Amino acid sequence: MTNTIIWTIVVLAGLGLVLAFVLYLIATKFKVEEDPRIDEIEKVMPGANCGGCGYAGCRAFADAAVKDTTLEGHFCPVGGDEVMTKVAGILGIEAVKKAPQVAVVRCNGTCENRPKTNIYDGAQTCRIKAALYSGDTACPYGCLGCGDCVAACQFGAISMDPQTGLPVVDDSKCTGCGACSKACPKHVIELRNKGPRSMRVFVSCINKDKGAVARKACSAACIGCGKCAKVCAQDAITVQDNVAYIDFTKCKLCKKCVAECPTGAIHAVNFPVLPPKKEAGNEQ
Amino acid sequence: MDRMLVSPSPHIHTGRTTSGIMADVCIALLPAIVVSVLFYGWAELLVLGVSVVSCVLIEWAITKYLFKKEGRFCESAAVVTGLLLAMNLPVTTPWWVVFIGALFAIGVVKMSFGGLGQNVFNPAIAARVFLLISFPTYMTDWTVTPGFIHSTDAVSGATLLGRYAEGGVSAVAGTDYLGTLFLNIGGSAGEISAIALLIGFVYLLCRKVVKPWITLSIFATVALVSGIFFLADPSTYTDPLFNLLTGGLVLGACFMATDYVTSPMSFWGQIIYGAGIGFLVMMIRYFGAYPEGVSFAILIMNITVPLLNKAFHQRKFGRK
Amino acid sequence: MGGIHPCDSKFARECPIEVLPLPNTAYVSMAQHLGAPAKPVVNVGDYVKVGQVIAEPGGFISAFVHSPVSGTVKSIGPRADLAGNSVTHIEITVQDDEWADGIDLSKDLVTDIPYTREEILDKIKACGVVGLGGATFPTHVKLNPAPGKVAECLIINCAECEPFLTSDYRIMLERTKEIIVGVAIMQKALNGCRCVIGIEENKPEAIDAMAAAVAQLGFPDIEVKTLKKKYPQGGEKQLIDAVMHRQVRSGCLPIDEGAVVQNVATALAVYEAVQKNKPLITNTLTVTGDSIPANRQHNYLFRIGTPLSFIIEYSGGVPQTTAKIISGGPMMGKAVANIDAATVKGSSSVLYLSRKATLRDEPGQCIRCGRCADACPMGLEPFLLLRLCKAADMPQLEENAVQDCIECGCCMYSCPSALPLLDYIRQGKGQVMGIIKSRNIKK
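Residue numbers (our numbering), protein chains in the order written: chain F, 1 to 284; chain Y, 1 to 320; chain S, 1 to 443.
Simulated from the structure, these hints should not be mistaken for lab results. Computed from a predicted structure; not experimentally measured. Hints may contain errors.
List of simulated lysine to aspartate or glutamate pairs, EDC-like, C-alpha gap at most 20 angstroms [to be verified]:
(1) Y:Lys208 <-> S:Asp374
(2) Y:Lys316 <-> S:Asp256
(3) Y:Lys310 <-> S:Glu398
(4) Y:Lys316 <-> S:Glu223
(5) F:Lys216 <-> S:Glu398
(6) S:Lys334 <-> Y:Glu166
(7) Y:Lys310 <-> S:Glu223
(8) S:Lys188 <-> S:Glu223
(9) F:Lys31 <-> F:Asp81
(10) Y:Lys316 <-> S:Glu201
(11) Y:Lys69 <-> S:Glu362
Among the chain S residues that face chain F by a calculated CB cut under 7 angstroms, a handful are [claimed, not checked]:
(12) Ala83
(13) Thr88
(14) Gly192
(15) Ala418
Positions of the beta carbon are idealized from the N, C-alpha and C atoms, including for glycine.
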């Protein structure tokens, strides 16, 4: 009895040793020489493997960053400046600073603003819907509402608002990887600079139709009137193809354009709510 | 004018639904169920009832509380599983054993793989095998309960295959084949009347619910294999007709092996799948420890289905 | 191989072709054929006559477009087509009905074909004839096989296998001889190859009429062949298989097997173009459906460019119980999102379907019943393709021949779980075709 147990232990231990040796031989024989910095960089990466940097995953990014001499063109939107500084430290080169970005849905075609003109009865994905026709509203440019962006987001940052039928981006979860923007067949979602305390001003419409047509399709459409461009002191607003666009690198968040827009197509988000102004005359 | 529907083509549909197909299977099982209830009486009705109700309830509960899916699920598919499970059990099976079988069939075999269409094994067969291993005494008790049209008081009768396993060919000598085709007292509900099952199968074929290849392949292989053995040594091995008509072969070949989810799709896949089942059935019957092997054979061949689907495709137009 | 047998529903088969009145305004699309859009050659304010060229081909595979009406060009610009997408249209306000010179408006049958092959092709090209079977491929290109390819058999597609549609059936009965002459013209253009006219067995009257006309006119080498009733019998590859017993190999064209397939309506258009100098400005269309009463079903001869809404109003408006309007057949037609859209050369029907007939069921789970694979006329496995499309696995999709899909819809028609098979497969096919194309360019 005891003998059996001892023999069992001996045989198993021996087998383990032999196999360990074989594994060791194989590991040394087939070892792939890799730059150790790739491993180091991979360790500091967020590990989301989202592809937001343009590479297949975090390791592919690390590989590319090590091979290239500069960090120009390599940026991890998820990790942002913090991670990029660490990466630069490992590589011993200068980090490229980039403002953190966030996905912005540039359509305000809610069920109220943009009435449905037909009922879509096909497979519920935006890609298929967009390939079939212009959409179930009179606006051929706006959000189709099937939620391809929601499915594309790995961070759970986008959800569909059942009330409006539009996607809503959670700023705190959005990493700016741009997966939603790529998934949207109508190119409704844009990556914009996050702005100080997430404050942003943007035109929430991309309808290129003439003013009257756009307005008829959606009451919140940009009609390309150009009032916003006139009032902008920073020269940040351009009107092209009947639709205004605010350049986020120039915008100083003065919000003058917001008040000027006749259809309310310009949105200002995350600004602190100011107490109602007291008129000068009342104080006396 | 109302808002119109817009969708990609095609814009029309046959109107045949999954629920409709499953309902067809239930209708096809009806003759065999009627026969079994007539012969085994209230006890059989209890087994059928418990099995069907628990299968449906368990599937509903799992869909709602574990999958957290709202809306309908395909009840008729659960009913089919329930019916098939009941038809595979002895009439004397206690209700709680039936319930455990249903729980295993739906909860473990079907839903843990993701529900309808995702399971690898046939739920009813897997549950039967599970019960056979867990509760061998209940599962091999072939006491015959009083039915509505025959009034024999509880008779304990071993099945023909059981007698063969115990006593060899001499124990089953003089079996009335015509009798076994129509009526075969002893065994589970699905073993009573081959003809009732075949009527149901013809209905399925007419409604184009199933294709005949798997079933034909099983029958042919069973006949062939047992034929070879019988010719070699008639004193040890039973003849082909005996093997075709006894036990759960007809039920298995017509209703269990033809389950869409757990059978191959291509013609050659189906032929090989059927041949595999037929061969294994005969091996178990002749050489195995259990008298009957249809369930085991189907379960084993279920494993090969993904492989067969991968290996055999239908010929594509304009390609070699 | 494969195929389905949907209910015939040819309610309008006994309705003679009526001439639809002229609309007040015609909108002529520049993209009503396969290939490059046509380029307008008229200006706003110009007066145009019926049959006058208003746009010229925008590439090798493209076609002339002629004015279907006479009047003043009001505007040239983007307008929504029936899917709501912007396409350049020429808007013409109808004033009178003055036809361009040289068009023979008499009804006399002209059977002599004194033209050479080149003359025929030129005439067909100049008259803007395109395939009217659905793909609207320019006919003169198809009748002129690439060097080295020889046409052995001209197949005239009279299958009209789509349920509901009856316009081809009506022209076969009412304009039989003109069609046969048109067939003989195309035969001559293909250097006198053999010709088979394929008609589905559910149209015995048409088979008799066409066979009688062939015998009476005495053109050599034209045969009328009865085909089994099955959808998609009128698919190009299926038709070649049924008539010639040859299967066009994957990635090849019918001409590689020596076949040229033309639709019966195209044969009529060819006759009018070559013998009457009449450009393709009219076509026949069926107004039908399951939600429209029997006395309101019609077959119309319409001017191309007539807005759908005009046809709908003229035929009595959209029936109460209609849930979907389709341009084309119920299997491959396009759902109309914009009823103000204009008809095009390839328009073949205004089909009204009720909610019961057309509303899709909630998609369920695949139960691996294999019905889609049984129904696929190309021998594909749609259940597998659906899974691969969802996973966007392009190499596997190509391996499993998604590019061979003819988008006939048989798989979705027969799926008991109402899965959106073709919706996804169409996407995957598009992507794989793109990959193959870019690979071929690199080579």
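A quick look at each hint next to the structure:
For the proposed pair Lys208 (chain Y) and Asp374 (chain S), the alpha carbon gap of about 12 angstroms is at most 20 angstroms, so the pair holds. As the CA atoms of Lys316 (chain Y) and Asp256 (chain S) are separated by approximately 18 angstroms, the hinted pair is consistent with the 20 angstroms bound. Under the criterion of a C-alpha separation no larger than 20 angstroms, the hint pairing Lys310 (chain Y) with Glu398 (chain S) is consistent with the structure, at around 16 angstroms. The suggested pairing of Lys316 (chain Y) with Glu223 (chain S) is violated, with an alpha-carbon distance near 30 angstroms, which exceeds 20 angstroms.
Between Lys216 (chain F) and Glu398 (chain S) the alpha-carbon distance is near 44 angstroms, which puts this suggested pair outside the 20 angstroms criterion. The straight-line distance between the Cα atoms of Lys334 (chain S) and Glu166 (chain Y) is roughly 69 angstroms, outside the 20 angstroms bound, and the hint therefore fails. As the CA atoms of Lys310 (chain Y) and Glu223 (chain S) are separated by approximately 44 angstroms, the hinted pair breaks the 20 angstroms bound. Taken as a hint, the Lys188 (chain S) and Glu223 (chain S) pair is honoured in the structure, with Cα atoms around 15 angstroms apart against an allowance of 20 angstroms.
Pair hint Lys31 (chain F) plus Asp81 (chain F) does not hold up; C-alpha atoms about 34 angstroms apart against a cutoff of 20 angstroms. Note on Lys316 (chain Y) and Glu201 (chain S): the hinted pairing is violated, with a Cα-Cα distance of about 26 angstroms set against a maximum of 20 angstroms. Note on Lys69 (chain Y) and Glu362 (chain S): the hinted pairing holds, with a Cα-Cα distance of about 14 angstroms set against a maximum of 20 angstroms. Given the 7 angstroms rule on beta carbons, the hint for Ala83 (chain S) holds: about 4 angstroms separates it from the nearest Cβ of chain F.
Checking Thr88 (chain S) against chain F by beta carbon gives a least distance of about 15 angstroms; that is not within 7 angstroms, so the hint is violated. Given hint, Gly192 (chain S) at the interface with chain F, is violated; its Cβ is 43 angstroms from that chain's nearest Cβ, farther than 7 angstroms. At about 11 angstroms, the closest approach between the beta carbon of Ala418 (chain S) and any beta carbon in chain F exceeds 7 angstroms, and the interface hint on this residue is violated.
Hints 4, 5, 6, 7, 9, 10, 13, 14, 15 from the earlier list are contradicted by this structure; the remaining hints agree with it.
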